[in-house]
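*Asks:* Residue numbers (the working numbering), protein chains in the order written: chain C, 219 to 821; chain W, 1228 to 1471.
Derived by calculation from the structure, the hints in this document are not laboratory data. One thing to keep in mind: the hints can contain errors.
Straight-line distance between alpha carbons at most 27 Å, and here's what the computed BS3-like set of lysine-lysine pairs gives [stated by the list, open to error]:
1) C:K526 x C:K556
2) W:K1369 x C:K351
3) C:K743 x W:K1427
4) W:K1369 x W:K1427
5) C:K260 x C:K526
Keep in mind it's a predicted model, so treat the numbers as computed, not measured.
These are the residues of each chain, in order.
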Amino acid sequence: MVGQPDGGQVTLKAQDDYDAIIVGSGAAGGMSAYVLACSGVKVLMLEAGRDYDPVSETPMFQLPFDAPLRGAGTAEKPFGFYDATVDGGWRVPGEPYSSAEGTDFLWWRARMLGGRTNHWGRISLRMGEYDYKPRSRDGLGLDWPMSYEDVAPYYDKTEALIGVYGSNEGLENTPNSSPGVLLPPPAPRAEELLTQRICRERLNIPVVPAHLAILTQPLEADRIARMLWPNNEMARRVTAESMRTRAACYYATPCGRGCSIKANFQSPTVLLPPALATGNLDIITNAMVREVTVDANGRATGVHYIDKTTRLEEHVRARVVILTASACESARILLNSKSSLFPDGLSNGNGLVGKYVMDTVGAGVQGQIPALENMPPHNADGASAMHLYMPWWLYQDQARDQLDFARGYHIEFGGGRKMPGFGSFGGIEPLTAGSYGQRFKEDCRRYYGSFLGFDGRGEMIPNDNCYCEIDPEQVDEWGIPTLRFHWTWSDHELNQARHMQRTFEEIIETMGGHVLSTIHEDGAKAIARPGEIIHEVGGVIMGNDPSRSVLNEFCQSWEVDNLFVADGGCFVSNADKNPTLSIMAIAWRASDYIVGQMNERNL
Amino acid sequence: MTDESRSGDRTKRPHVSKRGLKLPVLGAVSMDRRQALKVIAIAAATPALVSCKPGEETSEVVMTPAPVSNPRARGDAWDPDLIAPTVPWERSLTSDELQSLAVLCDVIIPADERSQSASQLGAHDFIDEWVSAPYEANQSDKVLVRGGLVWLDSEASERFGEGTRFRELTPDQQISICDDICYVPNADSGREAAARFFDKVRDLTSTAFWTTPEGMEDLQYLGNVPLPRWDPPPPEVLQHIGLE
């Protein structure tokens, strides 16, 4: 090897003396590799996709004009031509999945180094104290085995490492970060300020700075490295050196393309370079893991993977196996790891692997706001995504039983004078009565920048009917049995989606705007498809009771001591807070535990 | 598709760097905007700029050439070269259809004192690119667009004399037809498909027109340039929305 982060093919002659194998290179895999390699653990990382270098591959500043179909989404590039995702999207060529009858599940995958961290929304919200103990509060779903206080230090460390802008507002169940952790949030845009005023003054909805993993100023490399690694000189050095190569955002070009100046967080620019710099990490790309292997005593010995370039099976060994392949992909690997000791799959003695898969409740409404028409020209790009958002605010109404659903949602919103793209001014006929000619040209000028979209992102409660299993009738092109999904929303999710739409309708109308979307009475029509929000978690849940969970609070399998699942699979609830930040904090905590157990010779 | 067949000769693209924006690190270096942006993108990634404090400017520019392609990309639809995009499919409309489409595009977005017409910016050519794409929805749009073009000529023939083509009509005559199909909810029975066709061409023309550099300049879109810092909206904007 070894993969150089800024160029060169990632190749490796695998050795046989690894301490740990990590399957996957995204948020959880990248974080695990960073923490373990910094701690002196010899790590082999396997990634199912190709090598990928955001520094040289990101289309910074490229225009829709230069792209096929002006950048419109296609079957192969569903989020648009310039989206960072390689070999992925709702489908991966040669790697199908299926849905049971009545289920319409969508599964976004990215077969590339860094996985979905390359294109994600960068929204980095902490789960709060309620979110770790939801069952204790309302009797629904499951409690986590640990509390917010247990994870709080890891949120601080993760935010400091990756760089998150935001503010501490002291709102209910919306934790503050420790002093010196957050970067200053960017000033709100015009449409955000207007929305903020209307929501605060007329609707009593808080609108506060969003938290996004984007650098609004260069990281203070030495201070942060000292804070993260007070007793580890090598970790301090590689961390600070990597941080110094990251530039602050220059407020242009969308984050979803990735970032060649490393101003936002993605695993291949933030986590993998310092991990590689320790000399303790090797990476093999195009390595599609099929199963975890075990010895006669039921301990994990390594993994079988298919080398996608030769189409041949390989085996690598290590003391510890850590799955971070994404929630459902990790469940798939466990279910496919069948042996005489584990006939139903590894760590699946209680049949819970694949169970309790959750996504986020999503619903949206588009509006047109006359107050934003004919705006004086100015640059409104900003940090690509939102500068402000609305955290869930109806805790008291819920406590008084005034809502017909449990748990909450936050609101993401945006619009304004963004770069015209595919579909600009499509569907505005209700405003223009079908104008064309000179009047249409002037209508477009008038309405440009006056559209606002509101999207709810809410908590789904895990239920028995949402799970994945091995599809007995299908394998992928690597010969590996594939997943089949089952899904049924409960009324909590459907009613919440309906509530979202009504709220957004109220906001838009209070702003004097026109609602452009259909507001559904039926929550089943308002809600996004299962999987569509790309926050799927669960399926390999953690807990305190080995009979009712797969992992302990450190992501360690109850059945196989040296097997860990450190990705979103371990989640037992899916708060409205987008999961990536929590995935990384929990992976860091698990990695610290692994290092401790290795030092005590328990692993 | 080759670059040559693309609408809008790139060398004729308007320079849009004179928007009153200061490019943060370039000083007096003269180059076109795209080139400038790429240089800045690379310069910003170097430690020289990273070490600057927020808002602090530097005249040092590392003139590393911008990447012109991505050799790592496989180049197929799942892993296209995002740095130097190409359209892999052939165009499929006939030159006669393109002539008619160009006229219709200009009925939808004519030239005025601020910008050229849709066809002058290649909207009909973009629609050809769109309906020639190998995806199901695009192929379905192709049927809609080709059928609509035939309908326009039939309608012209019926209203204004045997053999008269839509593109030969006077502006008033063209408008008399388009008025009947310009809004789907108002279209008379029997004209629904024509109205859907008009709606589709208006949407595609709109995308084609406003995503060109000239279209973006017409809208006075001022982003996609690197800034040394992010400031609140200017006072006239706050005034406009009643916040100052």
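*Asks:* Hints first: check each against the structure and report whether it holds.
*Replies:* Here is how each hint holds up against the structure:
1. Between K526 of chain C and K556 of chain C the alpha-carbon distance is near 22 Å, which keeps this suggested pair within the 27 Å criterion.
2. For the suggested pair K1369 of chain W and K351 of chain C, the alpha carbons sit about 55 Å apart, so the restraint of at most 27 Å is broken.
3. Of the supplied pair hints, the one linking K743 of chain C and K1427 of chain W holds, its CA atoms being roughly 26 Å apart against a limit of 27 Å.
4. For a cut-off of 27 Å, the pair hint linking K1369 of chain W to K1427 of chain W stands: about 10 Å separates their Cα positions.
5. About 24 Å separates the Cα atoms of K260 of chain C and K526 of chain C, which keeps this hinted pair within 27 Å; it holds.
The earlier numbered hint that this structure contradicts is number 2, and it is the only one.
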